[in-house]
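Peer 1: The lines below spell out each chain.
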Amino acid sequence: MNVETADMNTELMVDGNAIAGELEQIFGHDMTMAVARCAGCAADSMMATLMAFVRGPGAVLRCPSCTSVIARIVETPTATYLDARGMLYLRMTHAS
Amino acid sequence: MARLISRGFLGRRRPPEVEKRLPPGQYLVTDFPVLSAGPTPHTPLDRWSFRIDGLVKSPVSWSWPEFQKLPTETVTVDISCVTKWTKLDTKWRGVTVDTLLKGVEVDPAGQYVMAFSDGGYTTNVPLNELINGQGFVAYEFDDKPLPPEHGGPARLVVPHLYFWKSAKWIRGLRFMDRNDPGFWESLGYHIHGDPWKEERYSGD
Amino acid sequence: MAALEWQLGTVTTIQPETPKTKSFYVALPKWAGHRPGQHIDLRLTAPDGYQTQRSYSIASPPELSGQLELTVDLIQDGEVSPYLHDVVMQGDQLELRGPVGGYFVWDVTVGGPLLLVGGGSGVVPLMAMLRHRAAQHSTIPARLLYSCRTPDDVIYRDELNQLAGSVAGLEVLITFTRQAPAGWTGYQRRIDAAMLNEVITPFGTSARTYVCGPTLLVESVANLLVGMGLPADRVHTERFGPTGS
Ligand SMILES: Cc1cc2nc3c(=O)[nH]c(=O)nc-3n(C[C@H](O)[C@H](O)[C@H](O)COP(=O)(O)OP(=O)(O)OC[C@H]3O[C@@H](n4cnc5c(N)ncnc54)[C@H](O)[C@@H]3O)c2cc1C
Ligand SMILES: [Zn+2]
Numbered sequence: 002m003n004v005e006t007a008d009m010n011t012e013l014m015v016d017g018n019a020i021a022g023e024l025e026q027i028f029g030h031d032m033t034m035a036v037a038r039c040a041g042c043a044a045d046s047m048m049a050t051l052m053a054f055v056r057g058p059g060a061v062l063r064c065p066s067c068t069s070v071i072a073r074i075v076e077t078p079t080a081t082y083l084d085a086r087g088m089l090y091l092r093m094t095h096a097s
Numbered sequence: 018m019a020r021l022i023s024r025g026f027l028g029r030r031r032p033p034e035v036e037k038r039l040p041p042g043q044y045l046v047t048d049f050p051v052l053s054a055g056p057t058p059h060t061p062l063d064r065w066s067f068r069i070d071g072l073v074k075s076p077v078s079w080s081w082p083e084f085q086k087l088p089t090e091t092v093t094v095d096i097s098c099v100t101k102w103t104k105l106d107t108k109w110r111g112v113t114v115d116t117l118l119k120g121v122e123v124d125p126a127g128q129y130v131m132a133f134s135d136g137g138y139t140t141n142v143p144l145n146e147l148i149n150g151q152g153f154v155a156y157e158f159d160d161k162p163l164p165p166e167h168g169g170p171a172r173l174v175v176p177h178l179y180f181w182k183s184a185k186w187i188r189g190l191r192f193m194d195r196n197d198p199g200f201w202e203s204l205g206y207h208i209h210g211d212p213w214k215e216e217r218y219s220g221d
Numbered sequence: 002m003a004a005l006e007w008q009l010g011t012v013t014t015i016q017p018e019t020p021k022t023k024s025f026y027v028a029l030p031k032w033a034g035h036r037p038g039q040h041i042d043l044r045l046t047a048p049d050g051y052q053t054q055r056s057y058s059i060a061s062p063p064e065l066s067g068q069l070e071l072t073v074d075l076i077q078d079g080e081v082s083p084y085l086h087d088v089v090m091q092g093d094q095l096e097l098r099g100p101v102g103g104y105f106v107w108d109v110t111v112g113g114p115l116l117l118v119g120g121g122s123g124v125v126p127l128m129a130m131l132r133h134r135a136a137q138h139s140t141i142p143a144r145l146l147y148s149c150r151t152p153d154d155v156i157y158r159d160e161l162n163q164l165a166g167s168v169a170g171l172e173v174l175i176t177f178t179r180q181a182p183a184g185w186t187g188y189q190r191r192i193d194a195a196m197l198n199e200v201i202t203p204f205g206t207s208a209r210t211y212v213c214g215p216t217l218l219v220e221s222v223a224n225l226l227v228g229m230g231l232p233a234d235r236v237h238t239e240r241f242g243p244t245g246s
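Residue numbers (this note's numbering), protein chains in the order written: chain A, 2 to 97; chain B, 18 to 221; chain C, 2 to 246.
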């Protein structure tokens, strides 16, 4: 991200920490340290470090290396949608 | 699950004097909330173009200076976002889809349009809801160049549908023979999105 | 594992921290404990069913049981922070869920040396770490670099002074970006490479760093730290949005 050309849209970006609650609601445990491999560039990122755009119809998580969409979450009154097409896989280390 | 009415939290307002102009479930805002699904693209204007392709006889494309020479219209409209805010009397200047389609020969099967944007955003709108002045590509808001956080240099504006249809950072329209879903329509949002019918989610 | 549940807490104390920030102590009968750096999601519901939700970091250390401290910066024209500041009173109930997040967490078992970098209300989760460190009588070397606009904006000022004076191995460095107190000899600019370099020198690239605050500050500090040779997995970041910018 270029801090010099930042506008309000850039400032409103947060990261995967901001949707830790939604992710925990979906998966049943903390997901911020799960590692997603980007389908666009194969970079590995912990969910907490993904770029997060949460002010819109849903939450959009993007790869911090190539900005491509890694996952999207939409909450409707009746259902939760999770689209994870943008990741090759998600790695969750077993609790020791 | 705990359930509480937060004491003294009024949420948002539906002032009686404008009540009739607010679609169901919508609240009035006076500021202009920034909504987005990704980083601001910042495409330099000398590399910007607007394209019409897909099911057309021959694709067309305008550079920024060419686009600026197209005849424009100025409109004042109310806009409603599916996140429940409505903003009244927003003033835009832009080029109507009717103007853009002059001289474009659309395949009769091309009854659906996918608007596509810098950064990969897409949204689908049936052709008959873009023509006759219903949709335009705006590059001025409130007599000033459209700021990047609101979709500048240019965005689609289709005021009679929820505002996610008004794609920010638009770069073109692609004609299709099916009503394929765009970015939000493919993940739980309504394929059409009429605020007066409260078409928020698929199934509404 | 139990799903994350919304629970009701009662506001027991409201304490002004600065002209623009207040701390809210919330008693939670069902609270299962937290780790320093975690946050909660707060949900407000209007009589017509309209709901809105925001995240707030937990300022109190796990050692304070039965209640949480939240510290909230007032955002003019905001939806939730003005409600908390201007409407909520002692005795009111708040609906929240948590604790959430496992990544932006530090406790004494993680070790050090520990470099905390905060801007504005970004100091809140860092304060939970420092309070925990003090409560554990830990001697892990720790430094807090805290960016504030003016002397009026320093959250937890007295407690930070007191911690810095009484706790072994802790140094608190404040930088004022708009206006410093009279006679100030410390930093008076936005956090830059030279400043980070000075602050991290005693620790070197083995420091565990936690950077929190306005998105643009976190973005630039994290880039600088990685540029200085810190392994990216030792630079923990949490972005609050435009807060304090
Ligand atoms: C993981 C996490 C932890 C957080 N912890 C804390 C905390 O401990 N203390 C704290 O005070 N805040 C914290 N925040 C920020 C907090 O969640 C809210 O964003 C903040 O309180 C503003 O909410 P609001 O409803 O008052 O303003 P909104 O109604 O959301 O925004 C009102 C206006 O201000 C702008 N705006 C939006 N967000 C901000 C912002 N953060 N700062 C400035 N302007 C903004 C918007 O563009 C809008 O025009 C945290 C955020 C995250 C993601
Ligand atoms: Zn990538």
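Just so you know, the hints here were simulated from the structure itself, not pulled from any lab data.
Because the structure is a prediction, the values reported are computed rather than measured.
Check the hints yourself; a few may be wrong.
Away from chain C, derived, C-beta distances all over 10 angstroms, residues of chain A [unchecked claim]:
#	residue
1	G22
2	A40
3	G41
4	Y82
5	L83
6	R86
7	L89
8	Y90
Here's a subset of chain C near chain B, in silico, CB distances under 10 angstroms, partners left out [claimed, not checked]:
#	residue
9	H86
10	V89
11	D153
12	G166
13	F204
Label pairs and their calculated CB-CB ranges [as the list claims (entries may be wrong)]:
#	chain 1	residue 1	chain 2	residue 2	range
14	C	T151	B	E157	57 to 63 angstroms
15	B	I208	A	L83	38 to 44 angstroms
16	C	V88	B	R38	52 to 58 angstroms
17	C	S207	B	I208	35 to 41 angstroms
18	B	R64	C	A169	44 to 50 angstroms
19	A	L83	C	E199	56 to 62 angstroms
20	C	P232	B	R68	41 to 47 angstroms
21	C	D49	B	P125	42 to 48 angstroms
22	B	R64	A	L83	30 to 36 angstroms
23	C	G50	B	V123	30 to 36 angstroms
24	C	Q91	B	H59	43 to 49 angstroms
Yeah, the Cβ is synthetic: ideal placement off N, Cα and C, and Gly gets one too.
Peer 1: Tell me the numbers of any earlier hints that the structure contravenes, in ascending order.
Peer 2: The structure breaks hints 1, 9, 11, 12, 13, 14, 15, 16, 17, 18, 19, 23; every other hint is satisfied.
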